[in-house]
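Trainee: Here is how the chains run, residue by residue.
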Amino acid sequence: MNKGFYPRLAWDCLRKNRRFYTPYLVTVMGAAAGFYMLATTADPKGFADAGDVRIIMQACTVVLGLVCAGFLLYASGFLMRQRGREFGLYAVLGMTRTNLTRLLLWETAYTALIGLGGGLLLGVLFDRLLLLLLAWLMGVELDGPFLYGKCLLLTAAAFGAILFLIFLVNATKVGFMRPVDLMTRQSAGDKIPKARWLIALAGLALLGAGYAIAIVTPARMESVEMDIIEVFFLAVLLVILGTFALFLAGTVAGLLLLRRWKSYYYRTRHFIAVSGLIHRMGHNAAGLAIICVLSTAVLVMVSSTVSLYAGLESHVRRSCPRDVLCEFSSEAETDWDALLDEAMDDVRAAGYHPQNVVRYRYWECSWIQRGVSSGNMAFLDAAGYEAITGREISLAPGQILTTWPEDTLSILGVELDVAGHLELEDPAAAYLGRSMGLAGIDQQYGDLGPLGERDLAVADADTIEELWRAVRSYCETDLDLSYAYGTYIDHLIEFDLPAGEDTHACRVLVERYVVDHFYDLETGFRSGCRDTGTLRAELMANYGSLLFLGLFLGTLFLGGAALLIYYKQLSEGYEDRARFAVLEKVGLDNRMARRSIRSQISLVCFLPLLTAFCHMAAAFPLVDKLLGIWGMYDTGVFALCSLISAAAFAALYGAVYALTARTYTRIVRS
Amino acid sequence: MALLEVENLQKTYTSRFGGQSVQALAGVSFTVEDGQYTAVMGESGSGKTTLLNVLASLDRPTAGTVKLEGRDMATVPEAELAAFRRDNLGFVFQEFNLLDTFTIRDNICLPMVLAGRSHREMGERLLPLVRRLGIGDILDKYPYEVSGGQKQRAAVARALILSPRLVLADEPTGALDSRSSDELLRIFDDLAAAGQTLLMVTHSVKAASHAGRVLFIKDGVLFHQLCRGADSQERFYGRISDALSLLAGGGRDE
Chain X
1 MNKGFYPRLA WDCLRKNRRF YTPYLVTVMG AAAGFYMLAT TADPKGFADA GDVRIIMQAC
61 TVVLGLVCAG FLLYASGFLM RQRGREFGLY AVLGMTRTNL TRLLLWETAY TALIGLGGGL
121 LLGVLFDRLL LLLLAWLMGV ELDGPFLYGK CLLLTAAAFG AILFLIFLVN ATKVGFMRPV
181 DLMTRQSAGD KIPKARWLIA LAGLALLGAG YAIAIVTPAR MESVEMDIIE VFFLAVLLVI
241 LGTFALFLAG TVAGLLLLRR WKSYYYRTRH FIAVSGLIHR MGHNAAGLAI ICVLSTAVLV
301 MVSSTVSLYA GLESHVRRSC PRDVLCEFSS EAETDWDALL DEAMDDVRAA GYHPQNVVRY
361 RYWECSWIQR GVSSGNMAFL DAAGYEAITG REISLAPGQI LTTWPEDTLS ILGVELDVAG
421 HLELEDPAAA YLGRSMGLAG IDQQYGDLGP LGERDLAVAD ADTIEELWRA VRSYCETDLD
481 LSYAYGTYID HLIEFDLPAG EDTHACRVLV ERYVVDHFYD LETGFRSGCR DTGTLRAELM
541 ANYGSLLFLG LFLGTLFLGG AALLIYYKQL SEGYEDRARF AVLEKVGLDN RMARRSIRSQ
601 ISLVCFLPLL TAFCHMAAAF PLVDKLLGIW GMYDTGVFAL CSLISAAAFA ALYGAVYALT
661 ARTYTRIVRS
Chain B
671 MALLEVENLQ KTYTSRFGGQ SVQALAGVSF TVEDGQYTAV MGESGSGKTT LLNVLASLDR
731 PTAGTVKLEG RDMATVPEAE LAAFRRDNLG FVFQEFNLLD TFTIRDNICL PMVLAGRSHR
791 EMGERLLPLV RRLGIGDILD KYPYEVSGGQ KQRAAVARAL ILSPRLVLAD EPTGALDSRS
851 SDELLRIFDD LAAAGQTLLM VTHSVKAASH AGRVLFIKDG VLFHQLCRGA DSQERFYGRI
911 SDALSLLAGG GRDE
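Protein sequences appear in the order of chains X and B. At position 609 of the first sequence the residue is numbered 609 (our numbering), and the sequence of numbers has no breaks. With the second sequence counted from 1, adding 670 to any position gets you our numbering.
Some hints could be false.
Unchecked claim - List time: in silico DSSO-like cross-link candidates among lysine-lysine, alpha-carbon distance up to 27 Å:
{"#": "1", "chain 1": "B", "residue 1": "Lys876", "chain 2": "B", "residue 2": "Lys888"}
{"#": "2", "chain 1": "B", "residue 1": "Lys811", "chain 2": "X", "residue 2": "Lys262"}
{"#": "3", "chain 1": "X", "residue 1": "Lys194", "chain 2": "X", "residue 2": "Lys173"}
{"#": "4", "chain 1": "X", "residue 1": "Lys262", "chain 2": "X", "residue 2": "Lys585"}
{"#": "5", "chain 1": "X", "residue 1": "Lys585", "chain 2": "B", "residue 2": "Lys811"}
{"#": "6", "chain 1": "X", "residue 1": "Lys16", "chain 2": "X", "residue 2": "Lys194"}
{"#": "7", "chain 1": "B", "residue 1": "Lys811", "chain 2": "X", "residue 2": "Lys194"}
{"#": "8", "chain 1": "X", "residue 1": "Lys194", "chain 2": "X", "residue 2": "Lys45"}
{"#": "9", "chain 1": "X", "residue 1": "Lys585", "chain 2": "B", "residue 2": "Lys737"}
{"#": "10", "chain 1": "X", "residue 1": "Lys585", "chain 2": "B", "residue 2": "Lys888"}
{"#": "11", "chain 1": "B", "residue 1": "Lys888", "chain 2": "B", "residue 2": "Lys737"}
{"#": "12", "chain 1": "X", "residue 1": "Lys150", "chain 2": "X", "residue 2": "Lys194"}
By construction, these hints were calculated from the structure, which means they are not laboratory data. Given the structure is predicted, the values throughout are model-derived calculations rather than measurements.
Looking at chain B on its own, in the form it has when it is part of the complex:
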């Protein structure tokens, strides 16, 4: 059984006074296997952020189902959604979304505190994780005292601390310089190699070329997909670029 099954997902936004409606997702279906590293690409407005929000259960679909380990997310009651999200999903955002009122340590521990874990367990989980991410020495600093790359690694640590089934990343390299981007992508590679399931929405071809599989979204539908197979990263980069040109070219023809 696939870890994530998405079937005919649709999402229509209606403006508040019932005037115009916009279809952000028009029937998207795909599956993600356990341990797979998937990237979703598409231009601004293609519906990829909507897709991510629906997968993250931050937004309810208009039609279609999302199943995580066979469980339909629509059956999770509203009151348990937060706990469901906490236990099964980890998030990495473009703008990091660390809270300025907490130290890096506390930001990382936040999901554990929310889950009501003991602080001894926090220490046990925190230390190996931050050592792996190379942020062990900034734990007592505040987010505004560290660099963007460090902030994003802290956000990754926060996403991983509860060992979620699936990590969702929304443009994780979008606000980083190239060196920090490389570092982050290397971390994602390591995670994928260790068997962590990752789903990343991105603009960046380079970021996508690190994934094992790339889905292309356009105008709310799944347009194309590529699998890396045995290709080197450079070669996969070329194939993704070609596919994007094709996608843009196709747009011109319509």
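Chain X extracted, bound-state conformation:
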């Protein structure tokens, strides 16, 4: 045979099937470009100092590669199904398995050349732009090369392997087919599915379990924060499995039930719709389930990462109500007022202009009196309360305002009179709540870590002094309880800086001044300092990269879903053309036939979207708690971000649907 025969035939095949192949090639291109770009974000030459971020990006690159492989396999399977008749014809015309394999090999070569080559080109072209976006979101400077050779090689190798795998699968499929089978495959695929009740019920159970986990999981798990993430992935797995089972078996089973309901089924509208849907579900279930899972992934990723980013400032302000916060405690006798004054003088001398300076202290007590009482309480004196809230307060000796839920409180023999209850919304409680880990806060704000629950009490200074001494002496006498006590006084200073002054440098100045003072004293000195500048930069790097990932993967997944929808419309268009003609002859009028088929198509298209919204709603409580781990407690912001993401996604999805529906209409009418 002529040497150039296969290359030419393969090229012709691609051109003849361009209605199917163009989107496939575009997908290969997009996937390769996306993979390359994601790989460059993980390249050490780019964001050299973003250690955690790089690990996340690397993991996501691997996951993306796997998802692309699965997706392209599915898409090429679809292509091969459409081309069954064509291959059958070649076989009938005398092409052997070897010939067909060579044809497929050439087609793969072209796909690699156009798809992979184009993808790498696109990737290189847009990589800089994408990295700039990432750097902007993370609030860092971008350096690094224009071209990442290692990533190019990695992408070429990964997608070369994927395309070769697809070739092997297709060659095997074609090789095992008899020509007659290939010719008749399209009509043989038209079987009506049977109801698989067991799978349907299993799907319902899996989905229910996933939903239940997502909804009832408490914010405070038995141990540390990793567990809630594990629970989240367990729920995700259950919901994915449940979705597949429900789409594969549940929808058909439900529709078959509807069909048994005779007085419903034998009505003009339901009759055509129900039977048509049974047919469609049998064919499209897997594709629909994939669309649904992809859509859910996009929705959850985008809404959560956007709200993390949107909630960044409030997170910063919650951890650090003023620009700089320094917290010290020491066993040594110290004149704290003088020391902190000196520190502030030092700060002013260095050219900073601290404003809104607030100073206060609180007394930490934890005690256990066997069989009588135990507790963990932080006391604030009236002056401290006023400093924080700006409210004056006067308490008689022995009176307290507290988050403690009962009306009386006895600590180691000191009777206290609860004059009023502090709600968590109280400015003082809210202000201190996060840093001190107040009891009750966890229900609202998620896990607090090993510090556990504490109560806050406001009392006058003398009462606090008395109480504190009592706890101290008790702890010193009862030595076997020593592990359970803690008494110390925390001295805090907080202040704002005018815009433009470096909070980090200023904070270091204060911290170092105080630390230097205690340098040669053996005192059990503790300090904890933070500032908004450092915190914001850290959070931006983390949340910015997460947001980037959410948007980037979201876009890729949406593209994937769009391709699936397009293929679906295309194949259904060809199927419906014949059905449409018959219905018309039997006496269904034109308009109604078109409308009924059209409504089925839109139902099939929007079912995954609606299910995805359901999943998203069910995941909301759990994701909300998960976000709490990363310091995002504002459920309102998350809800708003979720709604906006859902609306934007629905709009994009609708646009994809409308565009592809035109293809469908063109086919049916021709």
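Based on the hints, put chain B in the right spot on chain X.
Mentor: Chain B only, in chain X's frame:
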């Protein structure tokens, strides 16, 4: 009054860009009486499928009229055509045209569902009909699960379920083996004997010989017609064959 009156029917197809036009029907006139079993014969391209499409109101004629029970089909508004077709006409196609998404039962009931009849009435009409056609045991199967002959009998049942005035059949035996063809023709005989008006377009002399009357179409005009009268089927078969040879011979002379 005749059940079907066709008068000077013409149909000209013009290609989309107004270039060539082809005259598929060039003035066909005939009538079909109530209860008559008529076959229309002609070679491929003679215009018989066009004739059937026009009679079925699937296509509008260029000129001429088709009257069913005295009502001119051209006066039926486009929007009511589907309902008109459903109520008055039954169709049997060469390729059966059953829908794969429906069981045999639902395929047969399709016209009734479209007409908005209750499902109780469907049962009442369906059972005697399928018993008569011998397909009572495959009602819950899908079209791809049954034989060609069974599919065609299901299609006949679908055509008959609403008791149409006229049944139109387009090459009904074209896709069947000889045994199934015989069965189908016997069914048509029974229907005709019971007074059902039938009009069948066919290539097959054997099929045509079952009819009471055969119309021959050539190049868009009615060329000849034969009536069976008191002839046996074998004898009628011979006469049709002779007429076809004559038709072909005439073609050679022109």
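Trainee: Does each hint hold? Answer for all of them.
Mentor: Hint by hint, here is what the structure shows:
| no. | hint | in the structure |
| --- | --- | --- |
| 1 | Lys876/B / Lys888/B | 19 Å, holds |
| 2 | Lys811/B / Lys262/X | 17 Å, holds |
| 3 | Lys194/X / Lys173/X | 25 Å, holds |
| 4 | Lys262/X / Lys585/X | 25 Å, holds |
| 5 | Lys585/X / Lys811/B | 23 Å, holds |
| 6 | Lys16/X / Lys194/X | 36 Å, violated |
| 7 | Lys811/B / Lys194/X | 12 Å, holds |
| 8 | Lys194/X / Lys45/X | 56 Å, violated |
| 9 | Lys585/X / Lys737/B | 19 Å, holds |
| 10 | Lys585/X / Lys888/B | 26 Å, holds |
| 11 | Lys888/B / Lys737/B | 23 Å, holds |
| 12 | Lys150/X / Lys194/X | 51 Å, violated |
Violated hints, listed in ascending order, are 6, 8 and 12; each of the other numbered hints is respected by the structure.
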